[in-house]
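Chains A and B are the protein sequences, given in the same order. Numbered according to UniProt numbering, the first sequence spans residues 1 to 218. Numbered according to UniProt numbering, the second sequence spans residues 1 to 218.
What the hints contain is simulated information worked out from the structure, not anything from laboratory work. Just so you know, not all the hints are guaranteed correct.
Derived contacts from chain B toward chain A, CB cut-off under 7 Å, selection only [unchecked claim]: (1) Leu62; (2) Leu64; (3) Arg68; (4) Ala69; (5) Tyr73; (6) Pro83; (7) Lys92; (8) Glu102; (9) Val147.
Backbone N, C-alpha and C fix where the C-beta goes; we use that ideal spot for every residue, glycine too.
Number of protein chains: 2
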Amino acid sequence: MVFKLYGLPMSTNTTRAMICLHEKEVDFELVPVNVFAAEHKQPPFLSKNPFGFIPVLEDGDLTLFESRAITAYVAEKFKETEPDLIRHKDAKEAALVKVWTEVESHYYEPAVSPIIYEYFVAPFQGKEPDKSVIDTNVEKLKTVLDVYEAKLSSTKYLAGDFYSLADLSHVSETHYLMQTPCASMINELPHVKAWWEDISSRPAFNKVVGGMSFGQNH
Amino acid sequence: MVFKLYGLPMSTNTTRAMICLHEKEVDFELVPVNVFAAEHKQPPFLSKNPFGFIPVLEDGDLTLFESRAITAYVAEKFKETEPDLIRHKDAKEAALVKVWTEVESHYYEPAVSPIIYEYFVAPFQGKEPDKSVIDTNVEKLKTVLDVYEAKLSSTKYLAGDFYSLADLSHVSETHYLMQTPCASMINELPHVKAWWEDISSRPAFNKVVGGMSFGQNH
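Sequences are here, hints too, so could you generate the full structure?
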């Protein structure tokens with residue numbers, strides 16, 4: 001049974017799921033969703049995800065949405081395959097993976113996502129980036145990155161000295177961030193920079209990075 | 001070993017963790033954090049949670065923050081104790097629990113939280129509720145509740161015909177929502193209303209509800 005992933009390679013949420021599938025070397029078929037024609041807001045797709053967002057994962061008769069639920073499912077299903085992204089043999093490590101996955105979801109993504117939107121999506125839609133939105137979120141991101149720098153000075157990865165779902169969850173959005181002037185925020189923090197260089201050099205990410213473009217590379 | 005939970009009984013994030021601990025009948029000590037004196041933004045507390053938010057859970061030498069990571073840890077640690085909030089014996093059910101826990105986190109809470117803020121926190125701070133913020137989030141909440149009504153017409157709880165972490169995660173914030181004019185949004189949807197009456201009548205919630213007040217009951 002081949003997994004079906006509905007989404008787009010340019011979408012950070014889709015690639016979050018793709019990276020996890022590649023880490024586990026799971027065969028999957030990427031089914032493109034034409035978001036530009038609002039295909040994700042129409043009945044066939046809404047029957048898979050009633051909120052109308054990509055990605056959606058189908059594993060046989062199981063249909064899942066929300067990228068972080070999808071990665072958690074894939075990481076759990078293939079937990080015996082290295083890398084063990086959820087640290088299932090150690091309850092404390094597993095708990096810390098959950099903590100730092102929540103941190104990505106509630107602190108990092110809410111700051112990075114508006115920055116990416118202004119630098120990539122707005123121009124893609126023919127609009128000027130809104131400087132005030134960028135500035136507000138740069139401030140929020142700085143606070144988050146200062147915590148990361150302190151944490152990564154004591155452990156190699158966010159949840160500990162092991163690569164986990166918590167790190168993986170950051171890769172897609174940071175890839176775009178690093179193509180903006182905000183890259184300097186990462187590059188100026190030695191432990192965060194080393195962490196980013198490590199997690200972005202993994203083969204699983206290299207398999208998706210070519211498709212991650214809003215047209216800026218063409 | 002008694003768990004220590006740092007937080008406040010009026011806080012929705014603290015009570016999310018408390019309800020989970022009560023469901024599992026876990027002994028814990030609630031350690032009050034004086035957020036009005038910004039105790040959570042000062043070094044002793046920041047060493048437990050560098051982001052400076054309540055709650056924090058200490059289980060021996062393990063320190064956890066982010067309420068949804070805490071509930072996931074407690075639900076996993078006591079998974080053999082009923083109710084099994086993560087459905088660990090069924091991978092598909094467990095995956096759906098993750099999906100609907102993410103839904104609470106990414107759709108429900110972002111709409112409900114600003115409404116609660118305007119109706120309770122703003123007056124508590126001597127400010128008038130901002131009608132435009134309420135209106136914007138009522139629209140968002142309506143979209144979410146319509147999805148819930150459809151889902152709950154086919155299954156008794158969000159992830160299936162079983163009470164799970166996904167339902168539990170909604171209780172604290174909905175308790176406050178039901179004390180605002182937005183209660184009608186729940187009451188007008190028969191399946192959502194029945195679901196709320198069910199999940200809010202559980203003994204674990206009754207153990208915390210008395211402490212959930214911004215002073216409006218006094």
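Structure-based check of all given hints:
1. Leu62: Holds, about 5 Å.
2. Leu64: Since the shortest Cβ distance to chain A is 6 Å, the answer is holds.
3. Arg68: For Arg68/B, the interface hint holds, since the closest Cβ of chain A sits about 6 Å away, which is under 7 Å.
4. Ala69: holds, 4 Å
5. Tyr73: With a minimum Cβ separation of about 4 Å from chain A (threshold 7 Å), the hint on Tyr73/B holds.
6. Pro83: violated, 19 Å
7. Lys92: holds, 5 Å
8. Glu102: OK, holds: Glu102/B within 7 Å of chain A, min 4 Å.
9. Val147: Interface hint status for Val147/B: holds (4 Å vs cutoff 7 Å).
Hint 6 alone, counting from the list given before, is not met by this structure.
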